[in-house]
Amino acid sequence: GNSVTQMEGPVTLSEEAFLTINCTYTATGYPSLFWYVQYPGEGLQLLLKATKADDKGSNKGFEATYRKETTSFHLEKGSVQVSDSAVYFCALSAPIYNFNKFYFGSGTKLNVKP
Amino acid sequence: GAGVSQSPSNKVTEKGKDVELRCDPISGHTALYWYRQSLGQGLEFLIYFQGNSAPDKSGLPSDRFSAERTGGSVSTLTIQRTQQEDSAVYLCASSHRRLAGESEQYFGPGTRLTVT
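Going down the list, the protein sequences come from chains A and B.
Going by the working numbering, the first sequence opens with residue 77, and the numbers climb by one from there.
Going by the working numbering, the second sequence opens with residue 63, and the numbers climb by one from there.
Think of the hints as simulated: they come from the structure by calculation, not from any bench.
The beta carbon of each residue, even a glycine, is placed where N, CA and C say it ideally should be.
Mixed in with the good hints there might be a few duds.
Calculated cross-link-like contacts (lysine to any residue; reagent style SDA-like; alpha-carbon spacing at most 20 Å) [to be verified]:
id, chain 1, residue 1, chain 2, residue 2
1, A, K177, B, G134
2, A, K185, B, D86
3, A, K177, B, L101
4, A, K132, B, E166
5, A, K185, B, Q99
6, A, K177, B, D86
7, B, K73, B, G134
8, B, K73, A, E118
9, A, K177, B, P117
10, A, K185, B, Q103
From the derived model, a few chain B residues whose C-beta atoms are all more than 12 Å from chain A [as the list claims (entries may be wrong)]:
id, residue
11, S69
12, V74
13, K79
14, V81
15, D118
16, S124
17, R126
18, V136
19, Q142
20, Q145
21, Q146
22, S165
23, P171
24, T176
Here are a few chain B residues that sit away from chain A, every Cβ distance over 10 Å (derived from the structure) [unchecked claim]:
id, residue
25, N72
26, K73
27, Q103
28, L105
29, F127
30, E130
31, R131
32, S135
33, R143
34, E166
Produce the entire structure from the sequences given, and follow the hints as far as they go.
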């Protein structure tokens, strides 16, 4: 079946620290992979995506590379800011026949301290 | 263009009452999802509609929960005989069927349900 596993939080970092949030998946077929972010008091929004193996998604200084060999899509940022404090969700979209169904991880809360 | 809208934004109801939550997806999006997010928790999948196919109801927690999608657009999630553990934010999302698997989901702002 299809599923997403991401590291449990909360993750607490100081400003300008390096961030990694691990995400691994199991999937049949060839899924697309996504990171969504939920800032405090706001709705979920797409942060970045990758649609095939070895693709790198990037946005707002965040990056994630689609690694088929390790079934991973780890989120990284070289220097976090207080404004990056949010909950991050890893997700996959698996084609089932001609449709796409989404599977979300449980979310990882990031706290960045000044 | 307009995003996914949900109504009401907040709903307070007494235990045992029925509630209806509404979702208006982005025009042209064929896929519609309902999720539940309890305080401090992740997303719990509830139900998935895709075009005219039978919905995937595998995530509905009990038979008190039901959903329909009329005309392939607006969806209503109904919770009967609400219980306190139903208190959560109910999120709706839609996506467009382009190349299979590539489309991102667009989320609505959610309905915060409080059962007293």
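Comparing the hints with the structure gives:
1. The hinted pair formed by K177 of chain A and G134 of chain B meets the criterion: a straight-line CA distance of about 17 Å does not exceed 20 Å.
2. For the given pair, K185 of chain A sits about 29 Å from D86 of chain B by alpha-carbon distance, which is inconsistent with the 20 Å threshold.
3. At most 20 Å may separate the alpha-carbon atoms for a hinted pair to count; K177 of chain A and L101 of chain B exceed this at roughly 24 Å.
4. The hinted pair formed by K132 of chain A and E166 of chain B meets the criterion: a straight-line CA distance of about 16 Å does not exceed 20 Å.
5. Annotation: proposed proximity of K185 of chain A to Q99 of chain B holds, straight-line Cα distance about 14 Å (limit 20 Å).
6. For the proposed pair K177 of chain A and D86 of chain B, the alpha carbon gap of about 19 Å is at most 20 Å, so the pair holds.
7. Of the pairs offered as hints, the one joining K73 of chain B and G134 of chain B is violated, with about 25 Å between alpha carbons and a cut-off of 20 Å exceeded.
8. Taken as a hint, the K73 of chain B and E118 of chain A pair is honoured in the structure, with Cα atoms around 17 Å apart against an allowance of 20 Å.
9. A distance of roughly 11 Å separates the Cα atoms of K177 of chain A and P117 of chain B; the hinted pair therefore holds under the 20 Å criterion.
10. At most 20 Å may separate the alpha-carbon atoms for a hinted pair to count; K185 of chain A and Q103 of chain B meet this at roughly 10 Å.
11. No beta-carbon of chain A comes within 12 Å of the beta-carbon of S69 of chain B; the shortest separation is about 14 Å.
12. No Cβ of chain A approaches the Cβ of V74 of chain B within 12 Å, the least distance being about 19 Å, so the stated non-interface status holds.
13. A cut-off of 12 Å between C-beta atoms confirms that K79 of chain B is not in contact with chain A; the least separation is 26 Å.
14. Non-interface call for V81 of chain B relative to chain A: holds, since the shortest CB-CB distance, roughly 20 Å, exceeds 12 Å.
15. Some Cβ of chain A comes within 12 Å of the Cβ of D118 of chain B; the nearest lies about 7 Å off, and the non-interface call is violated.
16. Even its closest Cβ contact with chain A, about 21 Å, leaves S124 of chain B beyond 12 Å, as expected for a residue assigned away from the interface.
17. In this structure R126 of chain B is separated from chain A by more than 12 Å, as the shortest Cβ-Cβ distance comes to about 23 Å.
18. The non-interface label for V136 of chain B is consistent with chain A: the shortest C-beta to C-beta separation is roughly 19 Å, beyond 12 Å.
19. Every Cβ of chain A is farther than 12 Å from the Cβ of Q142 of chain B; the closest lies at roughly 26 Å, confirming the non-interface assignment.
20. The beta carbon of Q145 of chain B is kept farther than 12 Å from every beta carbon of chain A, the shortest such distance being approximately 23 Å.
21. Separation of Q146 of chain B from chain A is adequate, the least Cβ-Cβ distance of about 23 Å exceeding the 12 Å criterion.
22. For S165 of chain B, the condition that its CB be more than 12 Å from all CB atoms of chain A is violated, with the nearest at approximately 6 Å.
23. Not every CB of chain A lies more than 12 Å from the CB of P171 of chain B, the least distance being 5 Å, so the non-interface label is violated.
24. For T176 of chain B, the requirement that its beta carbon stay farther than 12 Å from each beta carbon of chain A is met, with the minimum near 16 Å.
25. At roughly 13 Å, the least C-beta separation between N72 of chain B and chain A is larger than 10 Å, which holds for a residue marked as non-interface.
26. Residue-level check passed: K73 of chain B sits 17 Å from the nearest beta carbon of chain A, beyond 10 Å.
27. The beta carbon of Q103 of chain B is not kept farther than 10 Å from every beta carbon of chain A, the shortest such distance being approximately 8 Å.
28. A Cβ of chain A approaches the Cβ of L105 of chain B within 10 Å, the least distance being about 4 Å, so the stated non-interface status is violated.
29. Separation of F127 of chain B from chain A is adequate, the least Cβ-Cβ distance of about 19 Å exceeding the 10 Å criterion.
30. For E130 of chain B, the condition that its CB be more than 10 Å from all CB atoms of chain A holds, with the nearest at approximately 19 Å.
31. Non-interface call for R131 of chain B relative to chain A: holds, since the shortest CB-CB distance, roughly 14 Å, exceeds 10 Å.
32. The non-interface label for S135 of chain B is consistent with chain A: the shortest C-beta to C-beta separation is roughly 17 Å, beyond 10 Å.
33. Even its closest Cβ contact with chain A, about 28 Å, leaves R143 of chain B beyond 10 Å, as expected for a residue assigned away from the interface.
34. Residue-level check failed: E166 of chain B sits 5 Å from the nearest beta carbon of chain A, not beyond 10 Å.
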